[in-house]
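**Q** Chain residues, written in single-letter form:
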Amino acid sequence: MGTYVLRRLLQMIPVFFGATFLIFYLVLGMPGDPLAVMCGERGCDPSTANALRAQFHIGEPLYVQYFEYMKGILTLDFGETFSRRPVLDVMGDAFPITIRLATLAFIIEIFIGVPLGLVAGLRRGKFFDSSILLGTLLIISIPIFVIGFLMQYFLGLKLGWFRPTVSGEAPWNELLLPAIVLGTVSLAYIMRLTRTSVVENIHADYVRTAVAKGLPHRRVVTVHLLRNSLIPVVTYLGADIGALMGGAIVTERIFNIKGVGGTLYQAINRGEAPTIVSIVVILVIVYLVFNLLVDLLYAVLDPRIRYA
Amino acid sequence: MSQDTINTTADNRPHDGDPNAPVLEVENLHVEFRTRDGVAKAVTGVTFDLLPGETLAILGESGSGKSVTAQAIMGILDTPPGFVTQGSVRFRGVDIQALPEKERRRYRGEKIAMIFQDALSSLNPVYSVGYQIGEMFRVHRGASRADAKTKAIELMDRVHIPAARQRVNDYPHQFSGGMRQRIMIAIALSLDPDIIIADEPTTALDVTVQAQVMQLLADLQAESKMGLILITHDLGVVADVADKISVMYAGRLIEQARSLDLYSNPAHPYTERLLAAIPRVDMKGQELYTIKGIPPNLTDIPAGCAFHPRCPYAQSICSEKTPPLEVVPGDRRSACHFWKEVLDGSLQIR
Ligand SMILES: Nc1ncnc2c1ncn2[C@@H]1O[C@H](COP(=O)(O)OP(=O)(O)OP(=O)(O)O)[C@@H](O)[C@H]1O
Ligand code: SF4
Ligand SMILES: [Mg+2]
Chain A
1 MGTYVLRRLL
11 QMIPVFFGAT
21 FLIFYLVLGM
31 PGDPLAVMCG
41 ERGCDPSTAN
51 ALRAQFHIGE
61 PLYVQYFEYM
71 KGILTLDFGE
81 TFSRRPVLDV
91 MGDAFPITIR
101 LATLAFIIEI
111 FIGVPLGLVA
121 GLRRGKFFDS
131 SILLGTLLII
141 SIPIFVIGFL
151 MQYFLGLKLG
161 WFRPTVSGEA
171 PWNELLLPAI
181 VLGTVSLAYI
191 MRLTRTSVVE
201 NIHADYVRTA
211 VAKGLPHRRV
221 VTVHLLRNSL
231 IPVVTYLGAD
241 IGALMGGAIV
251 TERIFNIKGV
261 GGTLYQAINR
271 GEAPTIVSIV
281 VILVIVYLVF
291 NLLVDLLYAV
301 LDPRIRYA
Chain B
1 MSQDTINTTA
11 DNRPHDGDPN
21 APVLEVENLH
31 VEFRTRDGVA
41 KAVTGVTFDL
51 LPGETLAILG
61 ESGSGKSVTA
71 QAIMGILDTP
81 PGFVTQGSVR
91 FRGVDIQALP
101 EKERRRYRGE
111 KIAMIFQDAL
121 SSLNPVYSVG
131 YQIGEMFRVH
141 RGASRADAKT
151 KAIELMDRVH
161 IPAARQRVND
171 YPHQFSGGMR
181 QRIMIAIALS
191 LDPDIIIADE
201 PTTALDVTVQ
211 AQVMQLLADL
221 QAESKMGLIL
231 ITHDLGVVAD
241 VADKISVMYA
251 GRLIEQARSL
261 DLYSNPAHPY
271 TERLLAAIPR
281 VDMKGQELYT
291 IKGIPPNLTD
301 IPAGCAFHPR
311 CPYAQSICSE
321 KTPPLEVVPG
331 DRRSACHFWK
341 EVLDGSLQIR
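Chains A and B, in that order, give the protein sequences. The numbering used here applies: residue 1 is where the first sequence begins, and numbers increase by one. The numbering used here applies: residue 1 is where the second sequence begins, and numbers increase by one.
To be clear, the hints were calculated from the coordinates, so they are not data collected in a lab.
Here are the simulated distance ranges between beta carbons:
#1 A:Y4 with B:S176: 21 to 31 Å
#2 B:D37 with A:D295: 42 to 52 Å
#3 A:R304 with B:S224: 26 to 36 Å
#4 B:P80 with A:F21: 54 to 64 Å
#5 A:R219 with B:S224: 20 to 30 Å
#6 A:V5 with B:T299: 50 to 60 Å
#7 B:T203 with A:R304: 20 to 30 Å
#8 A:R304 with B:Q166: 11 to 21 Å
#9 A:F111 with B:T85: 40 to 50 Å
#10 A:D205 with B:D240: 23 to 33 Å
#11 B:R141 with A:G168: 54 to 64 Å
#12 A:L159 with B:T299: 54 to 64 Å
#13 A:L134 with B:Q166: 47 to 57 Å
#14 B:T299 with A:I107: 41 to 51 Å
Part of the chain A face toward chain B, derived, beta carbon under 10 Å:
#15 Y206
#16 N228
#17 L301
Among the chain B residues that face chain A by a calculated CB cut under 10 Å, a handful are:
#18 D78
#19 G109
#20 Q132
#21 H140
Just so it is clear, CB atoms sit at the ideal spot from N, CA and C, and this is done for glycine as well.
Bound-form chain A, shown alone:
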């Protein structure tokens, strides 16, 4: 197990550099002159322009820029925004908000998705099951921003149950509605995944054995059936964390949340390479780490999987 983790960590290194270089390449290849954005309408005087060029390595070959940037990252120097704010500070503002949002969405997915999927699977073909299947299909087929605007309008404005937009601090309670919106699509997938997995396992021989052992129904379902059925769900959940963190752009826009998505969106509009690349680098790391965690959790959930 230890060697497996070590090997996986080592494997992350080339993936990390590959992914970041690709992002770097794409971002710097974006049209537009960064100097024009930085200096605004009136333009900079030549000495300032030169200083900026030197600082941001503008005009130098890509690999030099990449190398300089990576060197900075090792000392937690993520560079500066065009308005001369350290990118680290910008991320320090944005990430906690998005982490709160993603955590809420994640909790909603698990605690609503898994139980409903389980009940649907146990009642296969009954009214409840059909409703879940139809409902989740609807959710999956409606674009997220439509769901977002509808919920904002009805639950936020009409009924007044939630604040329709989120204040700058983005406290937990205000993030609830956005988290529901952010989580809906994954929630629908998790319900379906759990349901399918339960339906597949319900006639398994070991479930029959559990019944024949005289175990109470509740124990048969939770200890034996659900535990096995959750294996594919956990895989999905792991991949979903990365998606929740990076994929909140639409939701954050709708609810005016100053999180990672919103910040990234603005940075892309401005062509602010250091910010874009830094955020993406962090997201890549988050994604890789959770992938590893899921793989390890997988072995815990299913002892037949052995890492050699």
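Use these hints to put chain B with the ligands onto chain A, whose structure you have.
**A** Just chain B with the ligands now, with coordinates in the frame of chain A:
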């Protein structure tokens, strides 16, 4: 909660006292599966009893309703599509089919335990074998984790799993087929049930391992005086261990006799054909007899004697009238219009 006494309703009085009363009486059991393709009559009017310490073998081709009978006795039928439509299952006089599920549950494992054919799929892949054995003590006896584990090790020793103490935390896939079946046996044995139903416990195993597992079952039974119902489609397997044999065909019991009687002189043409199909040492080199034709479709069982399309002695009455399970001299039964003639060998093959 007292686990030893089980409440019974007034009309469900257990027989007390008589140590020779049957532990299990199955009477006129009917099971059908209602599926899209029609109603499959998987079990039709099965009746038998089991005495304490007795071994009953239930024999029959694939699809004859052996497993369904066992599942109905255990109360673990897939419902829907499976339904018990008639009949009773009495454990020491108590009709356990009439009990509410909550009470019924306490008979499983505690009074009647079951061993399945495929131990690999019948054990939960994600729990250690120790956990799965110990679960019996934790759930039924309220034992602590530590006590349950100790009990699990004891049981693994009892079914001769080597290095039980070291292997108790291993998972099912880490054991060989024979060892896995021993673990299933350990689970079944754990609460000292009065009856163990073994549904083809050795079919999935190598021949040598088969013999070892059968021997283990026989030894354990001799130690503990429990009743054993051994389901198999292999007459050879049960030859030495069974006290009596019930033969099933298309969901019905068609012959029942003490093992020796059945082997030496069957009272039903189907049993006769089954015996002729066993490879025998003294017939080496000769061509093996197989029963011609295929077992009937259970949604459309032939009228009269279900065996008549395949029976070499069939007469016109056979396709018109269903032969009842008649009492035959020598404490045996046969469901053939011509059992007398079968017994004395005076029937001519058409
Ligand atoms: N879950 C089910 N759904 C529908 N029909 C079933 C089901 N289980 C059993 N049956 C029906 O009952 C019949 C008898 O099945 P059973 O499993 O008792 O046969 P068996 O005698 O145990 O055969 P085998 O030697 O193959 O185990 C089957 O042929 C099938 O038609
Ligand atoms: S009743 Fe007729 S068909 Fe059936 S077994 Fe006897 S002889 Fe054969
Ligand atoms: Mg069977």
